[in-house]
Amino acid sequence: MRIEQELEKMGFVLPTPKPLAAYVPAVRVGNFIFTAGQGPNVDGKALFTGKLGREVTEEQGYKAAQLCIVNCLACVKSLIGDLDKIERVVKLLGFVACVDGFVRQPWVMNGASELIVKLFGERGQHARSAIGTNELPLGIPVEVEMIVQVKD
Amino acid sequence: MRIEQELEKMGFVLPTPKPLAAYVPAVRVGNFIFTAGQGPNVDGKALFTGKLGREVTEEQGYKAAQLCIVNCLACVKSLIGDLDKIERVVKLLGFVACVDGFVRQPWVMNGASELIVKLFGERGQHARSAIGTNELPLGIPVEVEMIVQVKD
Amino acid sequence: MRIEQELEKMGFVLPTPKPLAAYVPAVRVGNFIFTAGQGPNVDGKALFTGKLGREVTEEQGYKAAQLCIVNCLACVKSLIGDLDKIERVVKLLGFVACVDGFVRQPWVMNGASELIVKLFGERGQHARSAIGTNELPLGIPVEVEMIVQVKD
Numbered sequence: 000m001r002i003e004q005e006l007e008k009m010g011f012v013l014p015t016p017k018p019l020a021a022y023v024p025a026v027r028v029g030n031f032i033f034t035a036g037q038g039p040n041v042d043g044k045a046l047f048t049g050k051l052g053r054e055v056t057e058e059q060g061y062k063a064a065q066l067c068i069v070n071c072l073a074c075v076k077s078l079i080g081d082l083d084k085i086e087r088v089v090k091l092l093g094f095v096a097c098v099d100g101f102v103r104q105p106w107v108m109n110g111a112s113e114l115i116v117k118l119f120g121e122r123g124q125h126a127r128s129a130i131g132t133n134e135l136p137l138g139i140p141v142e143v144e145m146i147v148q149v150k151d
Numbered sequence: 000m001r002i003e004q005e006l007e008k009m010g011f012v013l014p015t016p017k018p019l020a021a022y023v024p025a026v027r028v029g030n031f032i033f034t035a036g037q038g039p040n041v042d043g044k045a046l047f048t049g050k051l052g053r054e055v056t057e058e059q060g061y062k063a064a065q066l067c068i069v070n071c072l073a074c075v076k077s078l079i080g081d082l083d084k085i086e087r088v089v090k091l092l093g094f095v096a097c098v099d100g101f102v103r104q105p106w107v108m109n110g111a112s113e114l115i116v117k118l119f120g121e122r123g124q125h126a127r128s129a130i131g132t133n134e135l136p137l138g139i140p141v142e143v144e145m146i147v148q149v150k151d
Numbered sequence: 000m001r002i003e004q005e006l007e008k009m010g011f012v013l014p015t016p017k018p019l020a021a022y023v024p025a026v027r028v029g030n031f032i033f034t035a036g037q038g039p040n041v042d043g044k045a046l047f048t049g050k051l052g053r054e055v056t057e058e059q060g061y062k063a064a065q066l067c068i069v070n071c072l073a074c075v076k077s078l079i080g081d082l083d084k085i086e087r088v089v090k091l092l093g094f095v096a097c098v099d100g101f102v103r104q105p106w107v108m109n110g111a112s113e114l115i116v117k118l119f120g121e122r123g124q125h126a127r128s129a130i131g132t133n134e135l136p137l138g139i140p141v142e143v144e145m146i147v148q149v150k151d
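Chains as they are written, first to last, in numbering that gives the first Met the number 0: chain A, 0 to 151; chain B, 0 to 151; chain C, 0 to 151.
Just chain A, with the same shape it has in the complex:
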């Protein structure tokens, strides 16, 4: 449980993903796990809403991306119990809600990427895309989905 303890030291608590009506938090196929898209929710409520370049500062966006990835990890944990069983973080796809003219999506997504690398080291070296968008569900500023490879 080393990874989860590291998260706790940083002040992040892994939530228990709630069963959702129409879809599930994550699906495993072989050694791959695909998570559902996650927002910056804490205790089931979005900690940030609004867009980058307007209500949400870049620093807040960075923190929102951190929370998204904590929730992605919680989705993975719901299937494998212990995050130390992650062999490799493979891919992040991150969307940043922003006003026209905001082009620093990568800096926002670094909140997710840098937390992953800090937690997992070499196993955390992942591929990534950072994409802007005009709107995300319920007004969240960032949504991230993750693919990981897990041990047998």
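You may find that some hints are simply not true.
[Claimed, not checked] Using 20 Å as the maximum straight-line C-alpha spacing, the simulated SDA-like pairs for lysine to any residue come out as follows:
| no. | chain 1 | residue 1 | chain 2 | residue 2 |
| --- | --- | --- | --- | --- |
| 1 | B | Lys150 | B | Pro105 |
| 2 | C | Lys17 | A | Pro105 |
| 3 | B | Lys84 | A | Arg27 |
| 4 | C | Lys84 | B | Lys17 |
| 5 | B | Lys17 | C | Trp106 |
| 6 | C | Lys117 | B | Val23 |
[As the list claims (entries may be wrong)] Coverage of chain A stretches by chain C, computed from C-beta distances (three or more under 8 Å per stretch; other residues unrestricted):
| no. | region |
| --- | --- |
| 7 | 3 to 10 |
| 8 | 82 to 94 |
Hint data in this document are derived by calculation from the structure and do not stem from the laboratory.
For each residue, glycine too, the CB sits at the ideal point set by N, CA and C.
Keeping the supplied structure of chain A fixed, place chains B and C upon it in accordance with the hints.
Just chains B and C now, kept in the frame of chain A:
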């Protein structure tokens, strides 16, 4: 052919995906199938165009998402013949074209997710992301791509 | 090195992807390689910036999509050395930054798809999604990520 019969009972007809110039409807690698992004087309024409929050109501968006997933299933069928060979619906990625201020993308995407769960039951429990965007190809309101796991 | 020679004949030079702070150009899991999202960069600088429907013409967007896919191939090469080891190009996900009202994302993305098919023939037959968006990192008009299957 149980799944296809269920679809027909619901009034959905699986089209035959046309060969496209620059890409194909779906690709299989091992037990994974990845589909191309699908719009709400019937007989090769979009049944809905426009954006959520303006020309397209949430109910129409829901129906558009249903048609997208029917077309995703048709793409899968083009490779495996019988949809009953689907072991697990793994992942949906859905984009909803919307005006600024529309934040109910998940309700729109439920059109896709709820149809999948109705058809496949437990095997239909999938991970999902719902993303807003300012424009989609040819003005369609919803585009969905799918990853499934198929039996050997 | 046939594929790389073909690229050179067409006037495309494969860059050496730079190691990035928070993420890597591509990750291999089994026979899958997932690339990071790539823009139309040449020598580390975007050759095009701006949006389709405003600063960037459809023809320029097509060329931008070509450069994105050249950079995706460079990411793959960084892991396997020789692009001839690609067994199948599986999936492209392409984002096109555009003004409201621009709906020809597929024509832009054909720059990527047609180059892949020209290079790889049948092994290049891929699934694809083309998505519009209001903004991409640093103002690039197109961003593409790729999944390929490689030989053992």
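Results for each hint:
1. Using a Cα cut-off of 20 Å, the hinted pair Lys150 of chain B and Pro105 of chain B is violated, with the two alpha carbons roughly 30 Å apart.
2. With a C-alpha separation of about 16 Å, the suggested pairing of Lys17 of chain C with Pro105 of chain A holds against the 20 Å cut-off.
3. Restraint check: the Cα-Cα separation between Lys84 of chain B and Arg27 of chain A comes to about 18 Å, which is no more than 20 Å; the hinted pair holds.
4. As the CA atoms of Lys84 of chain C and Lys17 of chain B are separated by approximately 29 Å, the hinted pair breaks the 20 Å bound.
5. Distance hint between Lys17 of chain B and Trp106 of chain C is fulfilled; the C-alpha atoms sit about 17 Å from each other, no more than 20 Å.
6. Between Lys117 of chain C and Val23 of chain B the CA atoms are separated by roughly 14 Å; this keeps the pair inside 20 Å, and the hint holds.
7. With 0 residues carrying a beta carbon less than 8 Å from a beta carbon of chain C, the region 3 to 10 of chain A misses the three-residue requirement, and the given coverage is violated.
8. Check result for the region 82 to 94 of chain A against chain C: holds, 5 residues qualifying (beta carbon to beta carbon below 8 Å, three or more required).
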